[in-house]
Every structure is written in structure tokens, then in C-alpha cells.
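My request is simple: use the sequences and hints to build the entire structure.
Each residue of the sequence shown is one higher than the one before, starting from 1 at the first, in the UniProt record's numbering.
I should point out that these hints are in silico values taken from the structure, not numbers from a laboratory.
None of these values were measured; they are calculated from a predicted model.
Heads up, some of the hints might be wrong.
Claimed, not checked - Below, simulated DSBU-like cross-link-like pairs (lysine-lysine); rule was C-alpha separation at most 30 Å, straight line:
| id | residue 1 | residue 2 |
| --- | --- | --- |
| 1 | K525 | K570 |
| 2 | K554 | K570 |
| 3 | K407 | K457 |
| 4 | K598 | K525 |
| 5 | K570 | K598 |
| 6 | K453 | K407 |
| 7 | K525 | K554 |
| 8 | K598 | K554 |
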Amino acid sequence: MAVRADSGQRAGTGVLTVSDPARVRNVVLVGPSGAGKTTLVEALLAQTSAIPRQGTVLEGTTVCDHDPAAVRQQRSVALAVAPLLHEDTKINLIDTPGYGDFVGELRAGLRAADGALFVIPSSAAHEGTIDPATVSQWEECAAVSMPRAVVVARCDHARADLEATVAACRDTFGAGVAPLYLPIRDDGHLIGLYGLLSQTPDGQAPAGAEEARDELIEGIIEQSEDESLMERYLGGEEIELATLIDDLETAVARGSFYPVIPVCASSGIGLDALLEVLVGGFPSPLEHPLPPVSGVDGAEHPTLTADPDGPLAAEVVRTSADAYVGRVSLVRVFSGTLRPESTVHISGHGAIAAAPPGSAENEGNGAHNTDDGHDADERLAHIYSPLGATLREIDGCIAGDICALTKLGTAETGDTVSAADHPLLLTPWELPDPLLPVAVVARTRGDEDALVKTLSKLVAADPTLRLERNAETHQTVLWCMGEAHADVVLSRLRAGGAEVDAEPVRVPMRTTLARPGRVTGRHVKQSGGHGQYAVCHIEFEPLPRGAGFEFVSKVVGGTVPTQFVPSVEKGIRTQIERGLTEGHYPVVDIRATLVDGKAHSVDSSDAAFQTAGALALREAAEQCGTVVLEPLDEVAVRIPDEHLGAVLGDLSARRGRVLGTEIGGTGRTLVRAEVPVTELLRYAVDLRAMTSGTATFSRAFARYEPVAH
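Encoded structure:
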């Protein structure tokens, strides 16, 4: 048998290992916050005896993430894996957060899975539509061609309306949505399910079952590779159940047919039916395309298959910290086999961190690399099967399966784990850009060390978190996905021993001269012995935006000795960095032309002419006036058409300048605008609230412009 209990001393613990990828199903649970995903996972675990009865969880065996912030906010904030056994098949259930801030965890779950199970409460269609957050998650799955099925959960809810929910799903997700089962009710109460394909139990077909069965079979046959099936079915021939089940799997694997299973986790109704669908209708790792792979040097590599004897290629899909075992890496094995006590190669693409908008790093490219990638060999100790936060030791993990590794010092989320003598690099999955900046400061000097240590761990674990240390504003800024994400990050910082406070984010501004002028920089002092003597006459003028600083010497006759001309330039540059205005903003876009001056044969020096140059720029600020410049970002907002008016009005209120609009997809508009960075500090939060989480945006540095008064 392909699935067995772990070795003798741990037999009976429910720890499962597999030797055949065909007997594995990796299923990610997707759905809105509060839909009941975690409850459903626990019910399935109890149904298959992976844990005691539902509601009784073994000490230390948790399905949901027990992050303090998650407990406080009553929501899961990270993905968790729970394996179970059904019909000699190991099913890895991957529970994901439903809140939009944690889309990075959702994408990690999609990367680890071969199929997605959408969990939608039976009361979801009470208002006649599926909520926007669920639609966004469906689009996430569609973007990676993930096979999907739908669970209508909580069918015993007082406001449950299964038929309306299925209809709303079909209207929202397309005609491929079709129920496999219909509810059997007695006096209005759900007592069981009627299988439309098997037509069981006999004699309990609900009203409308025949019509629903015809629609289901036609939908399955349309996806069949046997083109004669439809003709045979329409001719009145009864299609064999085994054929329909095989074609159902084909239809689901193509990502164009979405079976619906009603479930009531509290009573257990529908759980067995769901397990049958997961085993018989969902693709195995052998049937799901694997990520592209290359050598660590970028050399081409043959396409991988889920072969336990193939080259080792696994990926860290999540990194967390355990108080007792340290860093825990959740790993999906795509090819080969992971074995204890073996040496593996850890390779990564490097982190991309958001540069401060308008900063020197950001001008022209929008982001900068904090790491050029990393490569290291590490020796594995033990390999574990994760059940939520509990780790149970196993003797290996084959292609297609999921495991946990501990104490990999260099491994970060998204890294590739491969053989030391055959290092590989998997193409990383696409991550959303964090667009909400949060500035943090340690409360005391003693907290600073803890802050640095904890930040490095958090950034390694969470690829949707970006760390920026702004040299201009002297702030540590965390770029987060939204307020909930920021709350979790701050909670984890404090749990790591760093007492921190959030402070307002400061936007780096610039200054320039308002108009041209000629000034004199004079530094003359006599205090006994050698004095200090330097006089320079300089013409200053503002330049176009982005021109930077130019220095020109037009001195004739040696009035400023040649060796002191660079000193004047150095003095001006020093003053440029110090700034001229109250905010000490750096000076940009000016030209300084040295036209004349005076020197003393004894008292002139490099230091004296540096000081004179700096004084000249300060005098120019007094005489010519200054203009404060603020950074502008070009923003691209993709929004549903029904929210277009509200978003355009909001951009105008933020001093934004709309550059144009274009079609951004079915029922969506792409708006391009230029907006001051100071007006975008909370735009990620405000846009989500304004559009019910249905809009997305990106931003990139455009240029500096004078602050409008």
C-alpha cells in the first residue's frame, strides 16, 4: 500500500508518508475571512481520524496559525498544512487566510497546491451576489490556471440558501459551476445529500434532480476528450459512471469546470462526498504543471516532472519561527526526494525592497535589490510532517508531497532546495507589492538590537514585507500590504522582544532656487598667526527638474587660484546635502558658475574656500528665494467600472492629475495619474475601503515638482 504510518515507535500517531505521487492530493482552501475554512479542515481531519473528534484538538496540534495577532483578531493570518488519509490517498489540506492583506499567503498556498477548494458560506448569496473579496480570490486562482471546486459550507445555517448560492456562483464564476449533489431535507432540515451522478440514495431524489443531473452530465461531457460521448448521451444512451468520473477529473484539471459540494461541518453531512471528490476529481502532482527551473547560473534545464527518482527540486513556501526548534521551513517537493541527514543546496533570487518614493535609489527604477541572490549548502537533520503548528518526524518526502524542515539558517520564503551536487533554481511565483508604509522606532536603545534581529527574521519569512532604512529621513519603514498586515507585523516585532512604536512616515522633499542671482561668498577671519581668507563671486541659476547640480568655473586671471576652484565646488556640494530650509531638504537642480574672487598669498586655504562656497549658496537662498519640491508618483489604478467615479474624485482630492483611462479588462478601467507621494501614504487602505477591496494599484516614481500652495 502506498500510504503507511510512520515508523514503529510512532505508529498510530497518524503521521503519513507516501511512495507514489499519484496517491497525493495537495488542496488549498480558499475563501473569504469567516467562511469556515479552518472549521472545515478540522472536520475533515476528525472524519478521517487524523485528530480526535472535531473540537478536540491534541495539545500542540493546531490547524490554524496561533500567532498572537491572529488570536486577538479572530482570523488566520498564515497558511497551515494538515494532512489526512482517505482511500489510500494522502490529502494535504492547505488552509489560507481569507483577508485581502494576506494575499501573499494565498499565493504561497497556490504554489504548493495542485487544486483549490473554494469555501463559500451557504448564506453568501443572501444579497444576491458573491462578495468582492471572493471574486478577487477566484481571479487569483484563474491567473495561475488552478483547478477549482466549490464547497458551499454551513448548510445548516438559519439563512442558508444552497440553490441561490450555487446560482450566484454560476453568475459570478461562469457556466462551469455545477452541483454534484443536492440537499435532502426533512421538514426544512438538511439530513443528507443526493448524488446526481450516482443517483443515490435510491428513492430520495429531490425536486429538480433530473434537470440538474442532465446539466451536470452535459457539462462534464463537453470537457471530454471522447467527442462521441455527447452524441451518445443525446441519443438516450446511459453513460457509464466510471466514464463520467474520469471525465470529471479531466474537466476539473483543465480549470474550466467547477463542481459544487454542499457541506455541513458540524453534522458531518457532505464530508465523505467532499473527500471522494478530492481523491477522484482533483489532479495529482503528476497531472499539474511544475514551475520552470534553471541552473543557479541561469543555464537552461529540462522540464521537471513529479518523479521521486528525478533531480531534487523543492521550494520553501513559508517560513516561520518556533520557540523551541527555531526557524521552520514549509517545503513543497516538486521533483526528487528529500532525505534526512543529506546535504542540500539553498538558492534564492534575492530580495527586492521598495525604495523610498522619490529617493535617489528610486529615481528611474522604483525599487532596488537588497540582495543579489544567495547560495549555500546546508545539512538536513530531520524531516517532519506538519499538522498545523505540530511537527511529526518522517523518514523522507517524495516529489509531490509537502514537509517541514527545521534550522535551515539561510533558507527564506521562495528559496529553492536542491541537491548539493546538482543545484537548481525554480522560477519564483509573482508577489504583490506592499504599498502601505509604516515607520517604526524602538522605544529605548535596548530595544534597537531586538528590533534589528526580529526584522531580519520577519523579512526572511514574509516576502510581502519590505524593509527600507531611509538615509534621508533616518526612519525605518516597513512596507506592508494593509492595516491588518501591519498590525500582525508590529505584533510579531513585540513578540520578538522589541518594544516599538509607529510614527508618521516622513516623505523626503527637495529644495531649489526660485530664480537666478549673483552673490558673494566671503570668509575672512584674522585671529593671530595665519588667518582665513577666501572670497568668491558666484552666479546661481535654477535648472530643469532632474538636472541635478552643475558647477562651472569661468575664472580668468587667476583671481581664484586653480587649486582652490575644486574647494569652492566641494563647499557648495556640502551645503547642498545639508539643505537650506527649515526642513534641511537637499538642494537640487541648480547651476553654480564661479566667475571671480579673491585670494591671499598666506591666509587662503582649501578650508577657507570650502566655507566661502557654502556661504555663497546660503546667500543665494536669501537673495533668490527657494522652492520646496515634493516627489510625485505615477499611479496606475485598476478598478471595476462601478467605482470609477468615486476613485476619480478621490484622486482629484489628493491633488492628483489624471493622465488618461483605458480598458483594464472585462468591466474594469485602468486609470493612470500623477499624485504627490504625501497623498499616497494611506492610499492602499483608502482604496480598499472605497472599492470593497476590488481595486488594485501600482506606483512608480515620476519626478519632483514644486509643492502647490
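Results of checking the hints against the structure:
1. For the given pair, K525 sits about 20 Å from K570 by alpha-carbon distance, which is consistent with the 30 Å threshold.
2. For the given pair, K554 sits about 16 Å from K570 by alpha-carbon distance, which is consistent with the 30 Å threshold.
3. Between the alpha carbons of K407 and K457 the distance comes to roughly 13 Å, so the proposed pair stays at or under 30 Å and holds.
4. Under the criterion of a C-alpha separation no larger than 30 Å, the hint pairing K598 with K525 is consistent with the structure, at around 14 Å.
5. Annotation: proposed proximity of K570 to K598 holds, straight-line Cα distance about 17 Å (limit 30 Å).
6. Distance restraint check for K453 and K407: the Cα-Cα separation of roughly 16 Å lies within the 30 Å cut-off, and the hinted pair is therefore satisfied.
7. For a cut-off of 30 Å, the pair hint linking K525 to K554 stands: about 26 Å separates their Cα positions.
8. Between K598 and K554 the CA atoms are separated by roughly 14 Å; this keeps the pair inside 30 Å, and the hint holds.
The structure meets every hint from the earlier list without exception.
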